[in-house]
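Given the sequences, and given the hints that come with them, work out the whole structure.
Spelled out, the chains give:
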Amino acid sequence: GQQLNQSPQSMFIQEGEDVSMNCTSSSIFNTWLWYKQDPGEGPVLLIALYKAGELTSNGRLTAQFGITRKDSFLNISASIPSDVGIYFCAGQLRGQAGTALIFGKGTTLSVSS
Amino acid sequence: NAGVMQNPRHLVRRRGQEARLRCSPMKGHSHVYWYRQLPEEGLKFMVYLQKENIIDESGMPKERFSAEFPKEGPSILRIQQVVRGDSAAYFCASSPTVIGTGELFFGEGSRLTVL
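Sequence order for the protein chains is A and B.
For reference, each letter of the first sequence is one residue, going 1 to 113 in our numbering.
For reference, each letter of the second sequence is one residue, going 1 to 115 in our numbering.
No wet-lab data here; the hints were simulated from the structure.
You can take every hint at face value.
Calculated pairs, EDC-like style, for lysine to aspartate or glutamate (alpha carbon to alpha carbon, straight line, at most 20 Å):
#1 Lys105(A) - Glu40(B)
#2 Lys44(B) - Glu41(A)
#3 Lys27(B) - Glu72(B)
#4 Lys105(A) - Asp86(B)
#5 Lys44(B) - Asp86(B)
#6 Lys51(A) - Glu103(B)
This is the structure in structure tokens:
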């Protein structure tokens, strides 16, 4: 099946540092989304991207939809302890509106104060 | 305004028993998706349903697993004759429309443990 390659798999950073993670695919996507999952909870939508080249911010989070439509990145600036969790990228394939999202395997973020 | 509601949050079954997981989508949402998450893994798509219809079940095992979303009531994911490998977190998500954004809103999950 389709795969999203998400990296890095895990990150250990100090509070206040900036973080960057990305997703790539061999297929073209219509939509890229970034979710965060806290332990024992369901994923929560952070940012949704709909157009190639689109750059969207949500507070300290910024995400971009790659020009080729095959990649996306998420940046977190000035990290804080509550940023700890697993971040997932997800995409919807081009030409398949209504199909389920495909998820990356996640980036586990640890923040030390 | 309640979000996606799943129950039970935790379910323990012995091998061979049946597990039933329920999902009530957000108000106004008529599309339901079920995903499975194994430890340290991402979310794997299982099935996509609209009211009374299965739209895409390409991710669901052919044996022992079934899903429904009746006209009235929650969506049900049913696993018959559970095995240890079925132990996982099962997440339900809903969306308001099939066309466009692809945004899904997730419940808190049902964690199945098979002894």
